[in-house]
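**Student:** Sequence:
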Amino acid sequence: MSFFKKALGAVGIGAAKVDTILETHHASPGEEISGTVKIIGGKVAQEINKIDLNVMCNYTVEREDSEGETTTITKNHTLAKFQINERFTIEPGDEKHIPFALDLAEETPLTVGQSKTWIATNLDIDMALDKSDRDYLHIVPTELQQAAIDAMEALGFKLYESDCEGIDEVSFSRLPFVQELEFKTITGDFHGRFDEVEMVFFNRGEQLEIIFEIDRKARGFKGFFAEALDLDESKARLLIDEADLEDLEDAIYDILEANC
2 MSFFKKALGA VGIGAAKVDT ILETHHASPG EEISGTVKII GGKVAQEINK
52 IDLNVMCNYT VEREDSEGET TTITKNHTLA KFQINERFTI EPGDEKHIPF
102 ALDLAEETPL TVGQSKTWIA TNLDIDMALD KSDRDYLHIV PTELQQAAID
152 AMEALGFKLY ESDCEGIDEV SFSRLPFVQE LEFKTITGDF HGRFDEVEMV
202 FFNRGEQLEI IFEIDRKARG FKGFFAEALD LDESKARLLI DEADLEDLED
252 AIYDILEANC
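The opening position of the sequence shown corresponds to residue 2 in our numbering, with each subsequent residue numbered one higher.
Hints in this document: simulated from the structure, not taken from any laboratory.
Hints are not guaranteed to be accurate.
To be verified - If you anchor each label on the Cβ, the simulated ranges turn out as follows: (1) 64 / 258: 46 to 52 Å; (2) 48 / 103: 20 to 26 Å; (3) 261 / 24: 19 to 25 Å; (4) 255 / 125: 52 to 58 Å; (5) 23 / 238: 32 to 38 Å; (6) 125 / 210: 15 to 21 Å; (7) 159 / 68: 33 to 39 Å; (8) 238 / 161: 19 to 25 Å; (9) 27 / 261: 36 to 42 Å; (10) 168 / 93: 47 to 53 Å.
Virtual Cβ for every residue (Gly too), placed ideally from N, Cα, C.
Please model the complete structure; the sequences and the hints are all you need to start from.
**Tutor:** Structure below.
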């Protein structure tokens, strides 16, 4: 091997590259994702110490400065970390394919609105310039989550926005954020009675916990002052499993009716 090639390899030029190939980009929280990590040798032999696979997502936090101005900052969060502890040498021009399988966390946010989830792959290799890879996932609702969304739509609501918003540490979530699904009424019994209804999902194994934040529509001066004082919001909780699906629409209707 020439001194020139060694020098290029030492600074990362002509080094090994990584490409993660997923069997599917669609999955629900808690499901398994599998695929293959493909490593392509560069112009010099290089030793790979390990491979990191991290499941990442984004969320936003609001920061207020000394003058009262609010700034929205986007942050990344690591949902899970996986390692392939296989140490090997990749020769020039060679390809190595390493299969993997990993389980998505139950807290993985749905791909709605600005929410993104991806697998970040990184080779533990010195000085490589192209040692990482990012593969986006499309996270779809679980059966229970989809049933709750369908029930809201059947009651005349439309999912119009979703945000993963940063929160202070709370006992019911191990994440620094919650994903809020925001619904507006477009028809039905509750049309015009709410500004919006927000839902937050917490997967609990075979159960789904749903937190409702119900924003009543202001009516007249009384409603106006209630809004100004932030007294127009109510919260409710519903815990469901597969046996509750048949009556889910009625259960949500009762919660909304009780908070009108």
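**Student:** Determine for every hint whether it applies to the structure shown.
**Tutor:** Going through the hints against the structure:
1. One distance hint, 46 to 52 Å for the beta-carbon pair residue 64 and residue 258, is violated here, with the actual separation near 38 Å.
2. As the Cβ distance of residue 48 to residue 103 is approximately 24 Å, the hint placing it in 20 to 26 Å holds.
3. Distance hint check: the CB atoms of residue 261 and residue 24 are about 47 Å apart, inconsistent with the given range 19 to 25 Å.
4. For residue 255 and residue 125, the Cβ-Cβ distance of about 55 Å falls inside the hinted range of 52 to 58 Å, so the restraint holds.
5. Checking the proposed 32 to 38 Å range against residue 23 and residue 238 shows it holds: the Cβ atoms sit about 35 Å from each other.
6. For the pair residue 125 and residue 210, the supplied restraint of 15 to 21 Å is violated, since their beta-carbon distance comes to about 39 Å.
7. Taking 33 to 39 Å as the suggested C-beta distance range, the pair residue 159 and residue 68 conforms, at roughly 37 Å.
8. The hinted window of 19 to 25 Å between residue 238 and residue 161 holds, with their beta carbons roughly 23 Å apart.
9. Between residue 27 and residue 261 the beta carbon distance is about 37 Å. The supplied range of 36 to 42 Å therefore holds.
10. Evaluation of the 47 to 53 Å hint for residue 168 and residue 93 yields a pass: the beta carbon distance comes to about 50 Å.
In the structure shown, a violation is registered for the earlier hints numbered 1, 3, 6, in ascending order.
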